[in-house]
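Enquirer: Sequences listed follow chains A and B, in order.
For the first sequence, the positions run 1 to 159 when this note's numbering is used.
For the second sequence, the positions run 1001 to 1423 when this note's numbering is used.
Careful: at least some of the hints might be erroneous.
Said to hold, decoys possible - In silico BS3-like links for lysine-lysine, alpha-carbon gap of 30 Å or less:
hint, chain 1, residue 1, chain 2, residue 2
1, B, K1389, B, K1319
2, B, K1040, A, K18
3, A, K19, B, K1253
4, B, K1192, A, K18
5, A, K83, B, K1198
6, A, K11, B, K1389
7, B, K1129, A, K6
8, A, K96, B, K1076
9, A, K11, B, K1097
10, A, K22, B, K1198
11, A, K77, B, K1129
12, A, K22, B, K1102
13, A, K128, B, K1034
14, A, K19, B, K1133
15, B, K1129, A, K153
16, B, K1097, A, K128
17, A, K96, B, K1129
18, A, K25, B, K1133
19, B, K1088, A, K96
20, A, K155, B, K1088
21, B, K1319, A, K22
22, A, K128, B, K1198
23, A, K5, B, K1034
24, A, K31, B, K1253
25, B, K1092, A, K19
26, A, K22, B, K1095
27, A, K22, B, K1076
28, A, K19, B, K1183
29, B, K1133, A, K31
30, B, K1253, A, K5
31, A, K155, B, K1129
32, A, K19, B, K1088
33, B, K1040, A, K25
To be clear, the hints were calculated from the coordinates, so they are not data collected in a lab.
Letter by letter, the chains look like this.
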Amino acid sequence: MAREKKFYLTKEGLERIKKEYKDLKILRLNKIKGERPKILHSQDLDPEYFSFQEDLNRLEFRIVELENILENVRIIKAPPKEKQNIVNLGAIVTLKEQDGRINEFMIVGTLEANPSEGKISSESPVGKALLGRKTGDEVVITSPIRVIYRIRKVKYFLG
Amino acid sequence: MPRTGWVLREVKNPETIAGHTFRLGIASWLLAEKRNFNVKRAILIALFHDLCEVYAGDITPFLYYPRLPKDKKERKKLLMKWARLSHKEKQKIGKAKFKKEKNALFKLIRSLEPSLKNELSSLWLEYGKGTLKEGKFVEQLNRIETLIQAIEYFGTKDILATTNWWEWAEEIVDDPLLLKFLKVIQNKFYRKVPGYKKQKELENILDFILEIGKLKRMPRTIWVSLGVENPETVAGHIFTVSLMAWVFGQQKKKLSMEKLLKMALCHDIPAVYTGDLITPYSKILAKDEKERRKIFQKWPRLLRKEKQRKFLKDYKKEKTVIKKLTLKLKAPLRKEIIQLFDKYKTASTPEARFLNQLNVLAVLLRALLYQKEDKNLPIDWLWEWAFEKCEDDVIFEFIEKLKKKFYKKNLIRRFILNFPRFK
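Given these sequences and hints, build the entire structure.
Expert: So, in structure tokens, the structure goes:
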């Protein structure tokens, strides 16, 4: 039997998924009842739910997708103290480049990745190159370009 | 609207956001299909992803420096590299950018019908937040498309010239297919990747994407002939038609939106090799360059047979080209593209007939916008063209709105356009 894919999420990320799942289920229930969902009047509701209102198939699909995530979720936890100098999921990695410039990334699972906010996926080339490395290590990210970093600090701020 | 990153790097005549969006739309179609994702959704996300820039501007990572030196040379030197930021700074900038772009988008779409507003905003948010797989996929592909463009602009001799874009892509791409696609790009343009396994299909998709990229640099013949400065490109026109297909196609419930969008994306791609033809009048224009404006003032009259002959000549030429252009693509995809183009040219399906009218509408709208800058721009022939080709009520309703908007104070123009010759 094929192994289910595991989804790695921070506690914060899991809360977001749970909230979306709860909201979409209310939306589905109201849709079945034929009511205009009260949820749509909520100020802080993401407009991304709006299109679900018009597309029941998509709504069902998303609910199933969220259920799959919730069934196969693994919470990202900080490693034991002696391993906190090693880059793993949830780590904030401070890197020093050869020219002295400092760069920083947080390594997360694919569902939470948002490079614009500095969160990169552990499955991206940069994420992969950093994973498992420790403070003081030199990391070379090679594609056609070569970026050489030295890991200055590894921190974990996980709840 | 040129893309800021290229302007800062002093690229001459850089691509526009519309041009970039066009190629991202095509790439999203071809690769999302291979990934078995929802292709319609992927194309729409691509079409919408940069619309916020109308008001928010093109915010590139080049601009992420908290402080920029006043000295021009120093600033230029600094702007050659991305800013290196702490996690907190990235979060702060990322959130502020998202907020600014979200507000800009909602400002832009405020007057749209609720259903359009909802679909557009939700798909845009899927892209911005990467909540659904298509949003995440197109977001990653967006960076790859930009990387390809950087390679096209700066070449591969000086590896440092494209470093930023490689970094930018490698921070985000984690989709298995797109990771392979990055390797294909690397293998094509740089030294061979160790242990590289041949990816024939992806290599051919890359070649196709590179070819159609030429449309980003190709100004539309019609505007060049009329002497318009910095005219839109063929790619820009395709973007406009695709967006219109989505806007107006909503009112045509019997039409397949996916077909309409795909048809819009490929309706002008033979121009890669044929150049931008104005069927059936290309030959007439080519003959007399100096007097072109006059020709446009008094649009040539042709007999039906003559029109037919010229149409068939261009059609044959374009058909040969589209076969050549798609030659290496997988058979079903190739067949689909050729058929979509064929149906469009011969107006032989409801989607094709509707898109033909939208194409005229897009040209008319662009002409009206240019005429605002140059009052002597002859565009009467376009009105004639529109009234000859359009028959759909949805299109006519919009034409009425165009008349009112652009000839608000010019009642004589509005009166003439209501004259039987034009209606």
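Enquirer: Against this structure, judge whether each hint is valid.
Expert: Consistency of the hints with the structure:
Among the hinted pairs, K1389 (chain B) with K1319 (chain B) is consistent with the structure: their alpha-carbon atoms are about 22 Å apart, no more than 30 Å. With a C-alpha separation of about 28 Å, the suggested pairing of K1040 (chain B) with K18 (chain A) holds against the 30 Å cut-off. The hinted pair formed by K19 (chain A) and K1253 (chain B) fails the criterion: a straight-line CA distance of about 34 Å is larger than 30 Å. Between K1192 (chain B) and K18 (chain A) the alpha-carbon distance is near 45 Å, which puts this suggested pair outside the 30 Å criterion.
Among the hinted pairs, K83 (chain A) with K1198 (chain B) is inconsistent with the structure: their alpha-carbon atoms are about 39 Å apart, more than 30 Å. The hinted pair formed by K11 (chain A) and K1389 (chain B) fails the criterion: a straight-line CA distance of about 59 Å is larger than 30 Å. Distance restraint check for K1129 (chain B) and K6 (chain A): the Cα-Cα separation of roughly 21 Å lies within the 30 Å cut-off, and the hinted pair is therefore satisfied. A distance of roughly 23 Å separates the Cα atoms of K96 (chain A) and K1076 (chain B); the hinted pair therefore holds under the 30 Å criterion.
Note on K11 (chain A) and K1097 (chain B): the hinted pairing holds, with a Cα-Cα distance of about 25 Å set against a maximum of 30 Å. For the hint linking K22 (chain A) to K1198 (chain B), the alpha-carbon distance of about 45 Å lies beyond 30 Å, and the restraint is violated. At roughly 23 Å between alpha-carbon atoms, K77 (chain A) and K1129 (chain B) fall within 30 Å of each other, so this suggested pair holds. Proposed proximity of K22 (chain A) and K1102 (chain B) is supported: the alpha carbons are some 24 Å apart, at most 30 Å.
With a C-alpha separation of about 25 Å, the suggested pair K128 (chain A) and K1034 (chain B) falls inside the 30 Å cut-off, and the hint holds. For the hint pairing K19 (chain A) with K1133 (chain B), the CA-to-CA distance comes to about 19 Å; that is within 30 Å, so the pair holds. Between the alpha carbons of K1129 (chain B) and K153 (chain A) the distance comes to roughly 28 Å, so the proposed pair stays at or under 30 Å and holds. The suggested pairing of K1097 (chain B) with K128 (chain A) holds, with an alpha-carbon distance near 27 Å, which does not exceed 30 Å.
Using a Cα cut-off of 30 Å, the hinted pair K96 (chain A) and K1129 (chain B) holds, with the two alpha carbons roughly 29 Å apart. Between the alpha carbons of K25 (chain A) and K1133 (chain B) the distance comes to roughly 20 Å, so the proposed pair stays at or under 30 Å and holds. Restraint check for K1088 (chain B) and K96 (chain A): satisfied, since their Cα atoms lie roughly 16 Å apart, inside the 30 Å limit. Between the alpha carbons of K155 (chain A) and K1088 (chain B) the distance comes to roughly 13 Å, so the proposed pair stays at or under 30 Å and holds.
For the hint pairing K1319 (chain B) with K22 (chain A), the CA-to-CA distance comes to about 52 Å; that exceeds 30 Å, so the pair is violated. Among the hinted pairs, K128 (chain A) with K1198 (chain B) is consistent with the structure: their alpha-carbon atoms are about 23 Å apart, no more than 30 Å. Restraint check for K5 (chain A) and K1034 (chain B): satisfied, since their Cα atoms lie roughly 21 Å apart, inside the 30 Å limit. A threshold of 30 Å between alpha carbons decides the hint, and for K31 (chain A) with K1253 (chain B) the separation of about 22 Å falls inside it, so the pair holds.
About 24 Å separates the Cα atoms of K1092 (chain B) and K19 (chain A), which keeps this hinted pair within 30 Å; it holds. Between K22 (chain A) and K1095 (chain B), the direct Cα distance comes to roughly 25 Å. Compliance with the 30 Å bound is thereby established for this hinted pair. A hinted pair counts as satisfied when its Cα atoms are at most 30 Å apart, and K22 (chain A) with K1076 (chain B) does not qualify at roughly 50 Å. With a C-alpha separation of about 38 Å, the suggested pair K19 (chain A) and K1183 (chain B) falls outside the 30 Å cut-off, and the hint is violated.
A distance of roughly 24 Å separates the Cα atoms of K1133 (chain B) and K31 (chain A); the hinted pair therefore holds under the 30 Å criterion. Proximity of K1253 (chain B) to K5 (chain A) is assessed by CA-CA distance (about 38 Å); at most 30 Å being required, the pair is judged violated. A threshold of 30 Å between alpha carbons decides the hint, and for K155 (chain A) with K1129 (chain B) the separation of about 25 Å falls inside it, so the pair holds. In summary, the hint linking K19 (chain A) to K1088 (chain B) is supported, as the alpha carbons are separated by about 25 Å, within the 30 Å threshold.
Proposed proximity of K1040 (chain B) and K25 (chain A) is supported: the alpha carbons are some 25 Å apart, at most 30 Å.
In the structure shown, a violation is registered for the earlier hints numbered 3, 4, 5, 6, 10, 21, 27, 28, 30, in ascending order.
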